[in-house]
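S.K.: Each protein sequence line maps, in turn, to chains E and D.
Everything in the first sequence is counted per the numbering used here, starting at 1 for the first residue and increasing by one.
Everything in the second sequence is counted per the numbering used here, starting at 1 for the first residue and increasing by one.
Incorrect hints may have been included.
[Claimed, not checked] Residues from chain D that face chain E, not an exhaustive set, calculated with beta carbons under 8 Å:
| no. | residue |
| --- | --- |
| 1 | Trp8 |
| 2 | Asn16 |
| 3 | Gly24 |
| 4 | Arg186 |
| 5 | Val201 |
| 6 | Asp203 |
| 7 | Pro210 |
| 8 | Lys267 |
| 9 | Lys271 |
| 10 | Ala274 |
In case anyone wonders, no lab produced these hints; they're calculated from the structure.
Just so you know, even glycine gets a beta-carbon here, dropped at the ideal spot from N, CA and C.
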Amino acid sequence: MTEPAVVVDHVSKKFRLFKESNRSLKSVAMRGRSVHEDFWAVRDVSFTVPQGSTFGLIGRNGSGKSTLLKTLAKILYPDRGTISSTGRLAAMLEVGSGFHPELSGRENIYLNGSILGLSRKQISARLDEIIDFSEVGDFIDQPVKNYSSGMYVRLGFSIAITVRPDILVVDEVLAVGDSAFQRKSAKKFEELRDGGRTVILVTHSMANIRNMCDHVAWLDRGKLVRVGEAKPVSAEYEEFMRSQ
Amino acid sequence: MTYFRELWASRELLLNLTMREITGRYKRTVLGQLWSLLNPLASMLVYTIVFGIIFRSDPGPGDPSGLDVFALWLLCGLLPFQFFQNAVNGGMGAIWANTALVKKVYFPRTNLVLAASFSAAFNWSIEMLILAAAVLVAGAFVLPFLPLVVVFMVLLVIMSTGIGLILAVVNVYFQDMQHIIGIALRLLMYLSPVVYPVSYVADRSANFGPIVGDITLLQIYELNPLERFISVFRQLLYDNRLPDMSDTLWCLAWTIVFAVVGILVFKANEKKLAEML
Chain E
1 MTEPAVVVDH VSKKFRLFKE SNRSLKSVAM RGRSVHEDFW AVRDVSFTVP
51 QGSTFGLIGR NGSGKSTLLK TLAKILYPDR GTISSTGRLA AMLEVGSGFH
101 PELSGRENIY LNGSILGLSR KQISARLDEI IDFSEVGDFI DQPVKNYSSG
151 MYVRLGFSIA ITVRPDILVV DEVLAVGDSA FQRKSAKKFE ELRDGGRTVI
201 LVTHSMANIR NMCDHVAWLD RGKLVRVGEA KPVSAEYEEF MRSQ
Chain D
1 MTYFRELWAS RELLLNLTMR EITGRYKRTV LGQLWSLLNP LASMLVYTIV
51 FGIIFRSDPG PGDPSGLDVF ALWLLCGLLP FQFFQNAVNG GMGAIWANTA
101 LVKKVYFPRT NLVLAASFSA AFNWSIEMLI LAAAVLVAGA FVLPFLPLVV
151 VFMVLLVIMS TGIGLILAVV NVYFQDMQHI IGIALRLLMY LSPVVYPVSY
201 VADRSANFGP IVGDITLLQI YELNPLERFI SVFRQLLYDN RLPDMSDTLW
251 CLAWTIVFAV VGILVFKANE KKLAEML
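Chain E on its own, in the form it takes in the complex (with noise of 0.2 Å):
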């Protein structure tokens, strides 16, 4: 058993539901004492995650498992339990969240790298990777508002990628662009795997599930229910999906 990586301790998250949902002045004047419901969207989870795995959550919709990804993320904070992590740790909910749409490519890929924690140093070191594989070409001087949605995604998707985090959370950005660069990524993935780095996503697509994980965490309502082999757990959660 190696060391793990990421560490999930009785876990629990929690969000108000309001019945009026704006924040103005009104309705916090109307809303009186407390006329809110708690929804635990994650309850009581625990598990480990081993260094140099690929660990994947599954689940259906709602089970919080996106939730579950953001503590990971360190964007939302868990009510009860803790999330503890060994080495550097880089989030993908969405690719290309930060660009400036005035600003070009290239000004970008600074701006978006440092959000993710690089150094000017390391971007620069890493620039030539990041338009090469991105495919914008020459639109790398443009402004991002005159790119193709395909070449935002890509070119977000690069940036991400080439940060090269010890640990990597991704939530469902394998589906961007055509299917060769969807291939391409699904490479990249495998290399940051065989370097000794840990990636944890969220996924619907049982083929990833079974190409690229080999540990998972099945979540259902918030509760974990099974976790261990990608093998054994994801055939249980599929026979379970056609049970419903």
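Based on the hints, put chain D in the right spot on chain E.
M.R.: Using the frame of chain E, we list chain D on its own:
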């Protein structure tokens, strides 16, 4: 301490976000960066005509500089005020304007507010440089006072950022805040000695006498931190003398108060921001 260490580690991000604010804003305009100078110039023109010529606001000549140009006197107060306005407005909206980013990527959120306020500070610095040159050309020997001007500029930037940090959090919870602050800032300009000298308020206050106990109107008026800052900038740039001791101490005190409260408020709420947006 880990908070500051993390902030320091992300200094390149702060630089990039600030550059994004500065270069992104005027990217599609013909005049580009010049727009950031045309705005204060237009205000100067309007206020000089309305308050200098029509209402005859007369601050008197600078002592000891002997300078007697209303437009320059106005700018010594107007530029710091407009910076404050831009920094507070920008800082307040920083989290809200970057919703997509805050909900998708983790990074120290303080950077967004800092970037808004630093980009305003960048524009302000250029304006102040031009103002200093203009004052110099008009015949005031301002050079020895410029280092102190820079010191007080840094203080005002810190204070505005602190206020921006507080309002950025409040604005996420109550969207009404930006409209309230929009009105408040407009009122604040007329409650600060931007278009008229403090002496006018002092005269009224002396005529009126104390309001409650020993407290005079002037004392309440001077609680406004911007009154102190504007006075200091005028003493340095327009009068060419060292700033009043009490003004200096008040500036320092307000800066510390808002910086500390701003950091504490922001730190306490930073983790909940993504959820509340």
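S.K.: Under the constraints set out in the numbered hints, which ones does this structure not fulfil?
M.R.: Those not satisfied are hints 1, 4, 5, 6, 7 and 8.
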